[in-house]
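Enquirer: Sequence:
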Amino acid sequence: MKCPRVIAPVLLALALATSPSALGVGVAAYLRGITTGFQLPLEIASANDGTDRLFVVEKAGRIRVLRNGQKLAAPFLDISGIISTSGERGLLGLAFHPQFASNRYFFVYYTRANDGALTIARYQRDATNPDLADPSSGAVLLTIAHSSFDNHNGGHLAFGPDGLLYAGTGDGGGGGDPFGNGQRKSVLLGKLLRIDIDAGFPYAIPPSNPFAGSTCAGGACPEIWAYGLRNPWKFSFDPLTGDLLIGDVGQDAWEEVDLQFFGSQGGRNYGWRCWEGNHVYSATADDGNPPTPCPPTNTLDFPVIEYGHDAQGGEAIAGGYRYRGSRVPSLSGAYVFGDYINGRIWSAQPDANGVWQIAGPFAFVPSNPATFGRDDAGELYVAAFSSGQLLKLVRAIPSKDFNNDLFADLLWRRDGSGHVAVWFNDGSAAPPAIGFGPADLAYSLAGTGDFDGDGNDDVLWRRATGEVLAWYIDPASSAPRGTRYYGLIDAAWKILATGDFDNDGYADILWRRDSGEVLIWLLDNSASGIRATASPGVADPASWDFVGTGDFNRDGQLDLVWRNKVSGRVLIWHLRNGLLDATSDLGIVPLNWKLIAVADFDGDQYPDLLWRDNAGNVLLWLMNGTAIRETVGYPGIDLAWQIQTVGDFDGDGVADILWRHGDGSLLAWLLDHGQIKGTLSYGQVDPAWRIQGAAPPQ
Numbered sequence: 001m002k003c004p005r006v007i008a009p010v011l012l013a014l015a016l017a018t019s020p021s022a023l024g025v026g027v028a029a030y031l032r033g034i035t036t037g038f039q040l041p042l043e044i045a046s047a048n049d050g051t052d053r054l055f056v057v058e059k060a061g062r063i064r065v066l067r068n069g070q071k072l073a074a075p076f077l078d079i080s081g082i083i084s085t086s087g088e089r090g091l092l093g094l095a096f097h098p099q100f101a102s103n104r105y106f107f108v109y110y111t112r113a114n115d116g117a118l119t120i121a122r123y124q125r126d127a128t129n130p131d132l133a134d135p136s137s138g139a140v141l142l143t144i145a146h147s148s149f150d151n152h153n154g155g156h157l158a159f160g161p162d163g164l165l166y167a168g169t170g171d172g173g174g175g176g177d178p179f180g181n182g183q184r185k186s187v188l189l190g191k192l193l194r195i196d197i198d199a200g201f202p203y204a205i206p207p208s209n210p211f212a213g214s215t216c217a218g219g220a221c222p223e224i225w226a227y228g229l230r231n232p233w234k235f236s237f238d239p240l241t242g243d244l245l246i247g248d249v250g251q252d253a254w255e256e257v258d259l260q261f262f263g264s265q266g267g268r269n270y271g272w273r274c275w276e277g278n279h280v281y282s283a284t285a286d287d288g289n290p291p292t293p294c295p296p297t298n299t300l301d302f303p304v305i306e307y308g309h310d311a312q313g314g315e316a317i318a319g320g321y322r323y324r325g326s327r328v329p330s331l332s333g334a335y336v337f338g339d340y341i342n343g344r345i346w347s348a349q350p351d352a353n354g355v356w357q358i359a360g361p362f363a364f365v366p367s368n369p370a371t372f373g374r375d376d377a378g379e380l381y382v383a384a385f386s387s388g389q390l391l392k393l394v395r396a397i398p399s400k401d402f403n404n405d406l407f408a409d410l411l412w413r414r415d416g417s418g419h420v421a422v423w424f425n426d427g428s429a430a431p432p433a434i435g436f437g438p439a440d441l442a443y444s445l446a447g448t449g450d451f452d453g454d455g456n457d458d459v460l461w462r463r464a465t466g467e468v469l470a471w472y473i474d475p476a477s478s479a480p481r482g483t484r485y486y487g488l489i490d491a492a493w494k495i496l497a498t499g500d501f502d503n504d505g506y507a508d509i510l511w512r513r514d515s516g517e518v519l520i521w522l523l524d525n526s527a528s529g530i531r532a533t534a535s536p537g538v539a540d541p542a543s544w545d546f547v548g549t550g551d552f553n554r555d556g557q558l559d560l561v562w563r564n565k566v567s568g569r570v571l572i573w574h575l576r577n578g579l580l581d582a583t584s585d586l587g588i589v590p591l592n593w594k595l596i597a598v599a600d601f602d603g604d605q606y607p608d609l610l611w612r613d614n615a616g617n618v619l620l621w622l623m624n625g626t627a628i629r630e631t632v633g634y635p636g637i638d639l640a641w642q643i644q645t646v647g648d649f650d651g652d653g654v655a656d657i658l659w660r661h662g663d664g665s666l667l668a669w670l671l672d673h674g675q676i677k678g679t680l681s682y683g684q685v686d687p688a689w690r691i692q693g694a695a696p697p698q
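Numbering (the working numbering), first residue to last: 1 to 698.
To be clear, the hints were calculated from the coordinates, so they are not data collected in a lab. Owing to the predicted nature of the structure, the values given are computational and were not obtained by experimental measurement.
Lysine to aspartate or glutamate pairs mimicking DMTMM-like chemistry, simulated, CA-CA at most 25 Å apart:
hint, residue 1, residue 2
1, Lys494, Asp540
2, Lys565, Asp581
3, Lys71, Asp49
4, Lys677, Glu630
5, Lys71, Asp131
6, Lys594, Glu630
7, Lys71, Asp405
8, Lys71, Asp375
9, Lys677, Asp426
Cβ-Cβ distance ranges computed for the label pairs, FRET-style:
hint, residue 1, residue 2, range
10, Ile82, Ala627, 58 to 64 Å
11, Ala352, Ala542, 49 to 55 Å
12, Thr292, Glu315, 27 to 33 Å
Cβ coordinates follow ideal geometry from the N, Cα and C atoms, glycine included.
Given the sequences, and given the hints that come with them, work out the whole structure.
Expert: Structure representation (structure tokens):
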């Protein structure tokens, strides 16, 4: 094998015809399932104590611990006996003291049993077991009467960069704020509160609060930091700038995000119920007799982001976070948020003029994204309320990652016996392996992917008689932990690929009928396993070879790459939720060049194309959407070496190339921006063992 060099394009017949108009707009972030089994999760929090744990709040009153991707059996805290869970009530919020590692204090927000009163309480972690709280340590700091309705409770808690505790409260429920609480400063409903929990018990009023020194009875509660809110379901502080962003759920037509810059004074009025987003909702602040007039517009703060209750919008915003992690560069600085009802996930950024622009949606959580969370490293998570799934925003999902460590693994099967084994790649020349024993030779591998949303890829099989089933892989066990049967499918339908086509954290199945119809099963973890089906179009098998998938227009959803068997033309189907949205023609390439694989070989989050001709030459098209940004060539590779597969074998976020010699020798090219930064030799593997899902012969 020879070293690469950059060469001029040899595919002289290439002619780009079209390119997606949205290039540069998408964020190319993907949802990777982390685990499942939570019961109606409503909050995700990190203790920031150096343990890298996540804490997931369940509506019924339990807090669960996620350590190293594993959900611990015992809850961190269970206060279900003192909580009302009717309607929107429950255990709603969790915040850890900035000095939690030393003082062990954390704070919860819940609706009290019997009367639904909004309650903020302090608890302490167990002195000896870091994964357990002391349930006897509970001390109530604040209660707010809320018995008339069981909705609009707010519920989020967070410590600001000033070290003070902030709490968001709903307007008291009902439609249209019948009590006028949003504009009434004499009540604590419909507000953002700010208290000092270190300066006295139960708390002290920060002197810089806008109504410090006043009282509720005197017309302005001293705890208030901001008002005019309807139901601020999640707010967050930008860890870089300290700015505050508030996701406030709308009434009939508009959802909004409000912004307060770090260092600005409190007392902001965000307009509800007089305004819903940037639109007039009511001419009066309440239903009194006589009603209270609305304040002048020049005294109000209007949202920086809004979206409507229409086909492209939603009905209930779930506020999120500005992304300040490192794993998804294209999201850097973006505010990531979602909609609980329609499941869409968006990002937004301010432009050069400070005007916030929404991009996306780039992901989809069909089972109600209720909350976002951030780990110690600043990476973002989202919890699906209805399914109990926890998902993580990642840069890309590596091919065949059976233990969710972001290294691409290898799935093997032995000729004759049918034995199945997995190599859990870890960047070493001797990765750990596990054997699963023999699989009936009547079954052939149909694909891999995370079919149950637990973060570990699984194996999809198809029997010669048409049955389709998945092995749920447990990386710690020598046997699958379960199977999922999808039914007996007509042999006229062939499985082309598996992948997460709608970016919801579950792998889907791409089918093509012998007559050319293409069909996608959009899968989930429901009883049937099939959430929906989508029919993107027709591709005649006599004329078109399916090559692979990749997100070329960076909308967070996989596209399909086809190659014409006669002309050599390369075509991309850009999909949206499994349906054909647009096409791109990459031109005609001589048939002596075979398109081997689609993957991101330079780490820019655009998929690239890997080619090889019948003389052994190898070429990378490093793409910028559907335009070739650069070509990198590796000429004269001995045809005794065959490309087996591609994947991220060293965990650097860039796809690598795995080669196999006829004698069984296995070698990985570790790539960096198309250049070989190193090689990894795995030695010789008995040729009777074959890598599953291998590239076509060259």
